[in-house]
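If you want the building blocks of each chain, they are given just below.
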Amino acid sequence: MLIITRKKGESLMIGDDIEIVISKIDDASVKIGIKAPKDVQILRKELYEEIQQENIEATKIELSALSSIKKR
Amino acid sequence: MKFLSKVHGEIQYEEKNIITFNKGLLGLNEFKKYILLDLQEYEPFQLLQSLENEELAMIVTSPYEFFKDYEIKLSDETIKNLKIDSPEQVNVITTVTLNSDVKKITTNLQGPIVINTSNNIGEQIILDNSKYKVKNPLI
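So the sequence lines, in the order shown, correspond to chains A and B. According to our numbering, the first sequence holds residues 68 to 139 in order. According to our numbering, the second sequence holds residues -12 to 126 in order.
Calculated from the structure, these hints are not laboratory results. What you are looking at is a predicted structure, and each value in this text was computed from that prediction instead of being measured. One should not assume that every hint holds.
Quick list of in silico lysine to aspartate or glutamate cross-link-like pairs, EDC-like style, CA-CA up to 20 Å [as the list claims (entries may be wrong)]:
(1) A:K127 with B:E17
(2) B:K120 with A:D106
(3) A:K102 with A:E124
(4) A:K105 with B:E17
Chain A side only, calculated, beta carbon under 8 Å to chain B, not exhaustive [claimed, not checked]:
(5) S78
(6) M80
(7) L110
(8) E129
No residue lacks a Cβ here, since even glycine has one placed at the ideal position from N, Cα and C.
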């Protein structure tokens, strides 16, 4: 993993078309601006991980649990 | 063709019905080939069964069966990846996470699976800043 130190207002490039700007720094959080092509999806990692975890959960199938469900 | 599913026993399927997820499903990225089976005794649920791992299967449903107003906007990237030409080609399903307590059965409305039925290419998408939840109670 590459670790870079940046100051407020500075930025960095990932490849030719993704720019990450450090726009605000507080004690425990940073505000980051991201300029990227529209086809690059940017997500908070927690959400990505939550959906990964949910997919794994969904593979635990006990069919009997379904019998009790009716269409709304 | 035949496949032995851990959940469903022997499955008969045709090659043309194989759904390809080029990126896999999140957290299960190495598995790309699935088949979608009707579960007649458990309608409207279906089984999304991996053809590369007999133990890997999920219960899925059309979210519209339970949430009539459900709506998603497909990104240009998804439309391109799945080669979607018209809305009629799109099948949207969501995974169902089971629980012996019916009230705790949830479906993942924030991470729906989108399939182009004309070429059977699929992708799981993530709706950011969505009003829908990963664990949305089904009833």
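Practice task
For the pair supplied as a hint, A:K127 and B:E17, confirm whether the alpha-carbon distance does not exceed 20 Å.
Solution key: Holds: A:K127 and B:E17 sit about 18 Å apart, inside 20 Å.
Problem - Interface hint for A:S78, Cβ within 8 Å of any Cβ on chain B - result: This interface hint is violated because 22 Å lies over the 8 Å limit.
Problem - Pair hint outcome, B:K120 versus A:D106 [Cα-Cα no greater than 20 Å] - result: Violated, at about 23 Å.
Practice task
Under 8 Å, Cβ to Cβ, is where A:M80 needs to be relative to chain B, so tell me if that hint holds or is violated.
Solution key: This hint is violated: A:M80 lies away from chain B, its Cβ roughly 21 Å from the closest one there, beyond 8 Å.
Practice task
Using 8 Å as the Cβ threshold, decide whether A:L110 counts as touching chain B.
Solution key: This interface hint holds because 6 Å falls under the 8 Å limit.
Exercise for the section: For the pair we were handed, A:K105 and B:E17, check the Cα-Cα distance against 20 Å. Expected result: The hint is violated at about 26 Å.
Exercise for the section: Verify the interface restraint on A:E129: the C-beta must sit less than 8 Å from at least one C-beta of chain B. Expected result: This interface hint holds because 6 Å falls under the 8 Å limit.
Problem - 20 Å Cα cutoff - pair A:K102, A:E124 - result: 34 Å, violated
In summary, the structure is inconsistent with hints 2, 3, 4, 5, 6 from the numbered list given earlier, while agreeing with the others.
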